[in-house]
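With the sequences and hints as input, model every part of the structure.
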Amino acid sequence: MQITVNVNGDDYTREISPRLLLVHFLRDELGLTGTHWGCDTSNCGVCAVWLDGTPVKSCTVLAVMADGRRVRTVEGLANGDQLDPVQQGFIACHGLQCGFCTPGMMLTARALLDSNPDPTETEIREAISGQICRCTGYENIVRSVRWAAEHEADARTAASQEVPA
Amino acid sequence: MQVPAHFEYEKATSVAHALSLLAQWGSEARLVAGGHSLLPMMKLRLARPEALIDINDLDELAYVRLEGPDLRIGAMTRHVQLFESPLVAEHYPIFVDAERVIADPLVRNRGTIGGSLCQADPSEDLSAAFAAVDAIAVIQGADSTRTVPVREFHTGPYETVVGPAEMLVEVRVPVRPGGSSAYEKIERRVGDWAVAAAGAAMWLDGDAVSQVGIGLTAVGAAHFHAAEAEDFLRGQAATDANFAEAGRIAGQNCVPSADQRGPVDYKRHLAGELTTRALRRAAGRARGLEA
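One line per chain: the protein sequences are A and B, in this order.
My numbering numbers the first residue of the first sequence as 1 and each following residue consecutively.
My numbering numbers the first residue of the second sequence as 166 and each following residue consecutively.
Heads up, some of the hints might be wrong.
Said to hold, decoys possible - Quick list of in silico lysine to any residue cross-link-like pairs, SDA-like style, CA-CA up to 20 Å:
#1 Lys176(B) - Arg70(A)
#2 Lys176(B) - Gly68(A)
#3 Lys176(B) - Asp67(A)
#4 Lys176(B) - Arg195(B)
In case anyone wonders, no lab produced these hints; they're calculated from the structure.
This is the structure:
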């Protein structure tokens, strides 16, 4: 059957089988391999993407369920050449080791900061509790998200203090 | 790679459309909502429907609202909506407690209330919470709508009273003043299914328990319900000693199975202890002593 999915702002139309999972649609049909494929059982969260603005585990969503909807993957996190503050935070705070969980972690972090710009450590840990870092690098992941939160707050303050010319 | 076997896919555009598709496909079709129980089972071939009827477009079934004497929860309400609903927090904190420990935030973004109840997993949390608050399930067929108490909704593991051409559309929870509720769960790790869990709803008349509901999950309680413990506590003084005795009765009357989550006597102990804790917390909330 034919579906059209908006991924990172672009519409993609493909002929698919109904049993195709969203994670494989993104990776194999569209070549967007930034979305990782891990446990296959909705436990590890490396396949997290946004579906209509909400983070979900794409190994447990059928591609056909995304028909007519918006998907955002890690490839859609940066704004052109400008990395998202979450991505900058992961660089600045060494938020990744092997990198396997990183795309999912960053997408969940972005969603968290959009709804809660100043999360506590507990709130960050709760938000990423459905995602497993097998390097056990959680401390630095939490620091990375806090880094992004603080830099976004600084940016907002600076923007509000700018005097129009 | 785990993928489901082949199936035919239908997208329902309304409740009536979903019901007509169910009638057309017969018992070989399954409704799919969030899919977070059904799709994993299909990957493992534990479920192998010929057709999936996708009801994710039925936004008209995604709501939490007060109507008349009831809190009404639409079947397509996602777990996250129940978790974050101010109405739910105000009237039935048991659901906030339960949702906090159901799977993880990403699963809660997708999974639905109706799907959880209809999946009828014997370790499912909301089934015990809805049993505790004595909720009513609203089941719609092509020609009629019927209501069934949640305490009669489950007929066995993975089985409910919902017929092949029917669907659960709403759950109603009666709202009554003078009470509160709580949910207590022990799991092996964050986000896991319960080793055991207990929910309690309690209404006080002075220092006496005027009405009480107790639900249990993962311990083989019939209909997720601890009827004997309720019968003991109703009309008694709301004291820690009576809550402990109610817990002991609940533990005695459930039928846990030994599995990788623990032996029978451990689960029985947990059922009792968690019942006691849920009762204590519900009473504390009803008295305004704790959040």
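Checked hints:
{"no.": "1", "hint": "Lys176(B) - Arg70(A)", "in the structure": "17 Å, holds"}
{"no.": "2", "hint": "Lys176(B) - Gly68(A)", "in the structure": "12 Å, holds"}
{"no.": "3", "hint": "Lys176(B) - Asp67(A)", "in the structure": "10 Å, holds"}
{"no.": "4", "hint": "Lys176(B) - Arg195(B)", "in the structure": "12 Å, holds"}
Of the hints listed earlier, there is not a single one the structure fails to meet.
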